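Visitor: Sequence:
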Amino acid sequence: MILLRNAAFYTYLGIVSCLLMASSVVVRLRRGDAWPLISWYLRALLWGLSNIVGLKHQFKGTEKLSGGAELIACGQQSTWENFAFPLLFSNPLVFVKTGLRSFPVAGWIARQNGYVWAARHGDLTTTKQGFEEARRQFEAGRPVLIFPEGTRNTVPGDARIKAGIAALYQMLKVPCTPVVLNSGDYWPYGHHLIRPGTITIEVLDPIPAGLSRQDFMDALKTALDEGSLRLSRAPSRSGARAVQ
Numbered sequence: 035m036i037l038l039r040n041a042a043f044y045t046y047l048g049i050v051s052c053l054l055m056a057s058s059v060v061v062r063l064r065r066g067d068a069w070p071l072i073s074w075y076l077r078a079l080l081w082g083l084s085n086i087v088g089l090k091h092q093f094k095g096t097e098k099l100s101g102g103a104e105l106i107a108c109g110q111q112s113t114w115e116n117f118a119f120p121l122l123f124s125n126p127l128v129f130v131k132t133g134l135r136s137f138p139v140a141g142w143i144a145r146q147n148g149y150v151w152a153a154r155h156g157d158l159t160t161t162k163q164g165f166e167e168a169r170r171q172f173e174a175g176r177p178v179l180i181f182p183e184g185t186r187n188t189v190p191g192d193a194r195i196k197a198g199i200a201a202l203y204q205m206l207k208v209p210c211t212p213v214v215l216n217s218g219d220y221w222p223y224g225h226h227l228i229r230p231g232t233i234t235i236e237v238l239d240p241i242p243a244g245l246s247r248q249d250f251m252d253a254l255k256t257a258l259d260e261g262s263l264r265l266s267r268a269p270s271r272s273g274a275r276a277v278q
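Mapping of the sequence shown onto our numbering: residues 35 to 278, in sequence order.
Keep in mind that the hints were calculated from the coordinates and are not lab data.
Because the structure is a prediction, the values reported are computed rather than measured.
One or more hints might be untrue.
Beta-carbon label-pair distances, calculated as ranges [claimed, not checked]:
1. D239 <-> A197: 37 to 43 Å
2. P209 <-> V59: 39 to 45 Å
3. T256 <-> L53: 20 to 26 Å
4. T159 <-> K207: 35 to 41 Å
5. T159 <-> W81: 26 to 32 Å
6. F93 <-> T185: 20 to 26 Å
7. R229 <-> E173: 40 to 46 Å
8. R145 <-> W81: 21 to 27 Å
9. P70 <-> R229: 28 to 34 Å
10. S51 <-> T159: 19 to 25 Å
11. H226 <-> G101: 34 to 40 Å
12. R169 <-> G48: 34 to 40 Å
13. K196 <-> E166: 41 to 47 Å
Here a beta-carbon is modelled for each residue, glycine too, at the ideal position from N, C-alpha and C.
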């Protein structure tokens with residue numbers, strides 16, 4: 035039954051993606067004007083996951099979000115975040131990998147929605163340009179969302195924080211709100227099989243502004259490690275089961 039539901043969902047995904055691309059050609063939206071179409075597409079995909087596969091989600095701690103411009107640091111475990119986070123976090127600016135440019139749908143969404151391409155291999159010029167764009171959009175009132183590990187990690191209690199998030203935190207001079215989830219328990223990265231269940235996304239207490247780089251990175255790692263251990267059913271790096 036799970037295999038049949040997955041086959042039905044991927045067929046549905048293909049149809050909805052074709053409708054999105056066809057609509058983008060017909061309507062000819064300018065950059066920045068595509069959010070209504072993008073949000074329709076993302077809602078359609080979440081509907082398909084919920085009603086075809088049986089993968090639902092619950093969002094905890096939303097009272098800790100300001101609802102305006104803020105810096106959000108999220109753990110990343112699955113493709114699911116690409117569908118859900120723009121809706122859950124009020125269309126934030128997202129730092130995305132340059133590899134997405136080669137994907138027709140994901141690349142189009144990233145370009146149309148004004149996302150920032152994350153620099154790789156120490157490209158300081160691209161990094162500086164990305165941070166300046168993040169500052170500009172943040173000052174215009176848009177939330178900024180970054181995946182501080184730079185890649186997906188489904189091992190609870192083993193967050194590997196990159197220095198980029200600390201530089202962004204110090205540049206913006208604002209609190210940083212950590213977010214954890216357990217999407218990897220149901221749709222692990224690199225796997226096509228999606229399992230039914232309920233993904234939990236939890237907003238944690240904000241880390242105050244003004245900390246040193248190392249103190250901030252330590253506080254963020256602790257928050258993400260403890261939160262992921264609490265939510266996940268997967269074994270930790272040490273082999274211990276996650277706390278339920």
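Visitor: Is the gap between the beta carbons of T159 and W81 within 26 to 32 Å?
Guide: 41 Å, violated
Visitor: Are P70 and R229 spaced within 28 to 34 Å by their CB atoms?
Guide: 31 Å, holds
Visitor: Return holds or violated for the Cβ distance of T256 and L53 against the range 20 to 26 Å.
Guide: Between T256 and L53, where Cβ atoms are some 44 Å apart, the hint is violated.
Visitor: Within 34 to 40 Å: is that where the Cβ-Cβ distance between H226 and G101 falls?
Guide: 35 Å, holds
Visitor: So the hint says 37 to 43 Å: do the beta-carbon atoms of D239 and A197 match that?
Guide: 23 Å, violated
Visitor: Can you tell me whether the CB distance of P209 to V59 sits inside 39 to 45 Å?
Guide: 42 Å, holds
Visitor: CB of R169 to CB of G48, is that within 34 to 40 Å?
Guide: 38 Å, holds
Visitor: Range hint 41 to 47 Å: satisfied by the CB atoms of K196 and E166?
Guide: This hint is violated: roughly 19 Å between Cβ atoms.
Visitor: Between S51 and T159, does the beta-carbon spacing fit 19 to 25 Å?
Guide: 33 Å, violated
Visitor: Given the hint of 40 to 46 Å, is the C-beta distance from R229 to E173 inside that range or not?
Guide: Hint holds: Cβ distance 41 Å, inside 40 to 46 Å.
Visitor: Measuring from beta carbon to beta carbon, are T159 and K207 in 35 to 41 Å?
Guide: This hint is violated: roughly 23 Å between Cβ atoms.
Visitor: Take a look at whether the Cβ-Cβ distance between R145 and W81 falls inside 21 to 27 Å.
Guide: This hint holds: roughly 25 Å between Cβ atoms.
Hints 1, 3, 4, 5, 10 and 13 from the earlier list are contradicted by this structure; the remaining hints agree with it.
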